[in-house]
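Visitor: Sequence:
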Amino acid sequence: MAVEVEAGLKIAHTQFAGILLCCMILTSILHGISPTFPAWIAGLFGWSAGLLLVSDVRGIPRIQAVIMLVLGSLGLLYGAYTQGEADYLKAVAANQALLSMLAAVSFLKLITLTATNKVDILPTGKRAMWRTLLGVHLFGAVINLSAIMIVGDRQSRHSPLSPAQATVLSRGFAMAANWSPFFAAMGVALTNAPGAELSVISPVGLPIAMIALAWSGWQLTRQFDVDNYEGYPLHFGSLWIPGLLAIAVLLTHHNFPSLPILTLISLLSVSLTLLVMTMRKEQSSRARIVDFVTYDLPGLRGELMLFLSAGVFAAGISSVIRATGFDLVPDSFGASEASLLLLVMTLLSILGIHPVISIVTASGLILPASPDMNLLAMTFLMTWSIGVCVSPLSGLSLAIQGRYNINSFNFLNWNGMFALLLLGLDILVLHLMEWY
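Taking UniProt numbering as reference, the numbering of the sequence shown is continuous, increasing by one, and the terminal residue is 436.
One thing to keep in mind: the hints can contain errors.
Okay, the calculated beta carbon distance ranges per label pair [claimed, not checked]: (1) 123 <-> 332: 45 to 53 Å; (2) 33 <-> 296: 23 to 31 Å; (3) 82 <-> 247: 44 to 52 Å; (4) 255 <-> 158: 43 to 51 Å.
It is worth saying that the hints were derived from the structure and are not from the lab. As the structure is a prediction and not an experimental result, all values here were calculated from the model. Every residue, glycine too, gets a C-beta built ideally from N, C-alpha and C.
Whole structure, please, built from the sequences with the hints as guidance.
Guide: Here it is as structure tokens:
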């Protein structure tokens with residue numbers, strides 16, 4: 001009886017956390033539209049949901065979140081002790097717009113990749129590999145890690161996921177970090193390089209992703225036997241939803257440049273989802289939305305704790321720097337410095353340091369140098385993209401390992417040479433950005 005009561009309370013906590021996350025989205029959008037509305041209200045909803053879900057966060061994400069939370073809290077206490085003030089409200093509200101964007105974008109799962117999941121026969125061969133690589137990239141760019149689970153679950157329904165399939169999933173997904181406005185990486189980059197313009201960095205990152213995908217497809221045909229590769233039955237007619245959303249973001253941002261891009265993405269993601277579900281006139285639409293809010297939305301617990309802790313960490317760093325006058329600010333920040341930063345942060349990612357930690361730290365040290373924000377943001381995106389696909393301890397690698405029983409350290413071997421070549425391409429692009 002006690003076990004049943006405990007299970008019931010756990011379900012109730014999870015469902016309430018989903019409702020709180022919805023409130024976070026709405027209040028964050030309200031703050032973006034009307035800045036006089038306090039941002040800390042959205043942050044408070046996020047923290048409330050996080051406290052309800054924290055016991056469900058396990059493994060590496062929990063360790064990383066705890067480290068950032070402890071160090072950030074110590075920094076805030078040090079600032080309060082030495083200067084009599086600390087950015088507590090900044091710690092609460094720091095990443096509310098980013099978290100709201102991630103939660104809002106997850107709603108798109110309700111209207112994408114539905115029809116193809118019913119197809120039982122998997123396409124095979126080289127063409128199937130190319131279609132899966134591009135499909136994972138395009139859908140992952142919009143619905144993030146959910147695309148990996150949808151495609152991977154379908155491919156592994158009758159047999160374990162193969163090394164070739166796992167590599168296609170990792171590369172196709174990771175390259176979206178270079179350009180997608182719906183990716184967590186873009187939100188982190190724009191947050192930590194304030195003033196960076198989506199209209200600049202996204203067009204720079206898209207060709208990088210396309211070149212990387214083209215190289216991946218060519219390399220994979222030589223690295224694995226793809227003649228028997230079982231792909232995903234993706235129908236590109238369903239691409240109109242991601243395409244419409246991307247066009248809507250760019251056009252709206254052009255017409256309303258003062259509206260924060262993260263707020264815009266949150267607003268359009270939820271609005272488009274509700275509009276499409278209404279147009280489809282499905283009787284189960286309301287039930288699906290309720291189930292999504294109360295059961296699926298709390299599945300963001302890992303990202304929620306990570307970015308909440310990152311906000312505290314960033315506020316703590318700011319407090320310590322302000323209190324001590326600690327100065328590691330470079331005299332200038334150009335392509336050479338950006339390239340060195342990219343190499344260092346990529347190495348840290350391979351060693352298990354989440355890109356959020358290194359990005360937040362680098363931002364606190366480099367911003368006083370008044371860098372080119374677009375160059376800095378692009379460096380952050382490149383770090384995320386490479387680190388995600390090659391690090392055995394990245395969220396992507398660990399998710400594939402936990403769900404499909406593939407040793408995450410294999411990604412170092414499968415994607416190592418690809419990552420080195422991508423680093424070379426990225427460094428070239430950084431110098432071209434500075435030159436132009």
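Visitor: Of the numbered hints stated earlier in the document, which are not met by this structure?
Guide: Those not satisfied: there are none.
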